[in-house]
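Residue numbers (my numbering), protein chains in the order written: chain A, 353 to 854; chain B, 24 to 488.
Just so you know, these hints were derived from the structure itself, not from any lab.
Certain hints may be false.
[Said to hold, decoys possible] Quick look at which bits of chain B chain A covers, simulated, 3 or more residues with Cβ under 8 angstroms: (1) 69 to 80; (2) 103 to 112; (3) 248 to 260; (4) 311 to 318; (5) 346 to 355.
Virtual Cβ for every residue (Gly too), placed ideally from N, Cα, C.
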Amino acid sequence: MIQKELHDKRLLKEAEMAVTRMYTRRHFLMESAMGLGALALGSLLPGCGTGKGSNNKIAFDPAHPLAPRMPMFPGRAKSVIYLHMAGAPSQLELFDYKPALQQLDGQDCPPSLLEGKRFAFIRGVPKMLGPQAKFAQYGDSRAWVSEHLPHLSGVVDDISFLKGVTTDQFNHAPAQLLVHTGSPRLGRPSMGSWITYGLGTENQNLPGFVVLTSGGKFPDAGKSVWGSGFLPSVYQGVQCRSEGDPVLFIKDPEGMDRNLRKASIDAINKVNEEEYKEYNDPEILSRISQYEMAYKMQIAVPDVMNINDEPAYIQEMYGVQPGRACFANNVLLARKLVEKGVRFVQLFDWGWDSHGTDASLAIDIGMINKCRQVDKAVTALILDLKQRGLLDETLVVWGGEFGRTPMMENRDGKQNPFKGRDHHVDAFTIWMAGGGIKKGYTHGETDEIGYSAVSGKVTAFDIQATILNQLGFDHEKFTYDYQGRPFRLTDVGGKVIREIIA
Amino acid sequence: MLLFIPEFIGRFHPLLVHLPIGILLLAPLLQWLSRREGYTLAAGVLNVVWLLGIGSALLSCITGYLLSLSGEYDKGTVNLHMWAGIGVTLVAMFAAVKVFNKQFDNIYKATAIGLLLLITFTGHLGGSLTHGGDYLFAGLGDGNNRTDEKPVLIADVQAADVYADVVSPMLKSRCYSCHGPQKQKGGLRMDSPEGLMKGGKEAKAFIPGKPDESEMIKRLLLPPSHEDHMPPKEKPQLSEAQIALIHWWIEQGAPFNKKVQTLTQPEKIKTYLQALQGATTEEKKLPSNVPAAEVAPAAEKDIAALAAKGVLVMPVAQDVHYLSANFVNAGGFSDQDAALLLPLKQQLVWLKMGNTGVGDSTLQVIGQCPNLTVLQLNNTSVTDKGLAFLQPLSALQSLNLVGTAVSAAGLEQLKGLQQLQSVYLYRTKVTAQDWPQLKKIFPQAAIDSGGYVVKTLATDTVEKK
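Excised from the complex, chain A in its bound form:
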């Protein structure tokens, strides 16, 4: 009992302190002195804007944080579907055809490739590993695609390939964070959060940013890759499931009817409104609107997340497996969500980390199975968006967080039991389609063994800048003030890849 009393006492004291802190004379004086100082400083530095024209105003209204907003300039794309193959697929078995690498198959890696380099697992001198797939050229654009993607090879004329993507992170979590938040460390808002912050959501019954995962595991970087960082929390990705309840805990519990739910939400909101009158904290308004959104989502989400109402031939086209959590289901859902006005749909499919440590992670076994799981669905997505007239305004991005080495992995200097490749930062392939991106185009090249990009080198920042550009944002002016300085998705980097813009 004593402990409980002590605990209560302490809580009470803390609360009292918090209240008094708001009212003390000293606090008031300190606040006003600092406030005045800041005001004065602000007026002294009128010229220190982020650019001429100050085009970076985002009309943020805390009472309606998800209200639709206009971009800086008319954007080509209205929404984005980002398909992230978590674990990093091998560019050398899918798109980056390197016959010269076959000649070196089984030979020791020349020291020039290892000098000054660090790898996640390769130690000592590894052997080179030739392409484990047959390649052919497809479409009018004569794009190289391997036999592992028999469906996708039919739609290459709708795609722009970026073959010279590079990164500076060779571990999954930081590399994924870099791709999605613009920083390898935790704490930055994800791309989807930035976009929802900038554009709001068109459909007032659905979240603006939805996340779907498959492959049995979350991405290594966890939920931070769809977190809102320092942006108001209302912009974080809403994770939905394609199996069971789409959004956990959104269904009314047994015995509670919808009117009662409405009444309770109204009551909670009334309390929150009182709270807001007292403290004027805009986060309270966000909270009110989130309750209202959740109430509307109770009806709208199960509706849009139901793939059973799609005709059989569409289900067949994507290769869905109703009732199971799988990538194909998620892809079909992505199309449905975009159709309903959702801005950013982010898909993570785990299982592409082909080190060769076991059969499921072998480049010639597990990776082929991963290809079979995604190839048909991704192809169907492009064609289905196209026939609905949605591809023009939906930007589809496909890629991993880094590439894979032309060398066979020798973990800790010993040969792995299966054929595999280590993480590789100097070259990998990401592709984009739709949303005003060039059709049937390849940008960038790697050297003759696919080790480094030799032309058209791009980084995650460049891709982010391009995505923002297609949505109507100048990535250098699209900022959010936090901790006394403006932050942007692309940090201090990024150049729009003009070459792939139609």
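Fit chain B to the given chain A structure using the hints.
Frame of chain A; chain B shown alone:
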């Protein structure tokens, strides 16, 4: 090693020069002030100031002379700058003698004013040496040419001179400021064939026919963070196409008087050369789906009236008055409500009306919106009859009729819409036999009647073991 010491000392010149500039500007000012009431200074203080000024001026002269020995700068300007600098020192000495003797006569005053002017002149010359002669006024003019000047387009690239018209303009915009008439960093001057052939102090600029062994190409291709990368990473860089063209020119033997058409051109180079001809041959870019002409803003109340029906009406971008109307939250919108669009007919450019209750009589209203570029009517009850109303929409670029009852006969009425680029006809009455007719109706547009099939392959459902 000892040979480098003078040059090393010389490199302190840009640092040291600022001392005499500051001190010698301050000295006459303090001198003048100190004779006014309330500003009196002890004579000794002023003497020290003058001595410091003269001392730093002497040091600047010495380091400046050592720096000029490197030969990286334009000789004429360096000479003038040197004599002006020595002049400053001498004039300052003369003024100081006057001050020490307390002779504040008119000669002193004239000397002091002359000193100020001479410092300004010398400083300007020095600035021109380091930053280039056009540095000071580069920011003026039309205000836009600071970052990147518009490239000069070549009328017919094949008939152009490969050096004079293709290579030298690139060198001019990216290299001359350090390797031109003003400065010759590393002893290299690139503004004439002779200078290019001669090369720099360390190496030839290039070896004709061997681009990969040429110093110039090597330095262009080094990573920007590398010390020897050219241009230095804080300066504007050459584009990939420009580097490829210079590489190609050296590969062709670096000719100075040949026409482009006389040289062999790989496919890639051909496209880069084409690009120099400018917009006429550049790849076709998507036209903007927002009109260039300005429009008056729409009235708030008209937007609010649509908003009350759940229609999302908003400008297509900040500071633009053209509007997009999105009906994603307005499934109940029907023909009775269509008149609400009329007050906005000039502003509306994108109309996303899919999955609403509208039919042919709404099309009559839509037909009166002359600036519409994007029109989505998918899954509505519009028919062939209604399409006739769309004939006046001459700016229309994209038309989505997916899931409607339109047929080829109805589309025939839209023959005059020249701007149309995409027509979506999935799940309509259009059939495969209509294709030749549709191609004739919309020769420019991509017509998509959908119905794509992704065949299930045996491997799709099998797991490899």
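Going through the hints against the structure:
As drawn, the region 69 to 80 of chain B meets chain A at 0 residues by the rule of a beta-carbon pair under 8 angstroms; below three, the given contact is violated. Interface restraint, the region 103 to 112 of chain B with chain A: violated (0 residues with C-beta to C-beta distance below 8 angstroms; minimum three). Under a criterion of three residues with beta carbons nearer than 8 angstroms to beta carbons of chain A, the stated coverage of the region 248 to 260 of chain B fails, only 0 such residues being counted. For the region 311 to 318 of chain B, the stated coverage by chain A is satisfied: 3 residues place a CB nearer than 8 angstroms to a CB of that chain, which reaches the threshold of 3.
Closer than 8 angstroms: that is the beta-carbon criterion, and the region 346 to 355 of chain B has 3 residues meeting it against chain A, so the requirement of 3 holds.
Hint compliance for this structure: hints 1, 2 and 3 are broken, all remaining hints hold.
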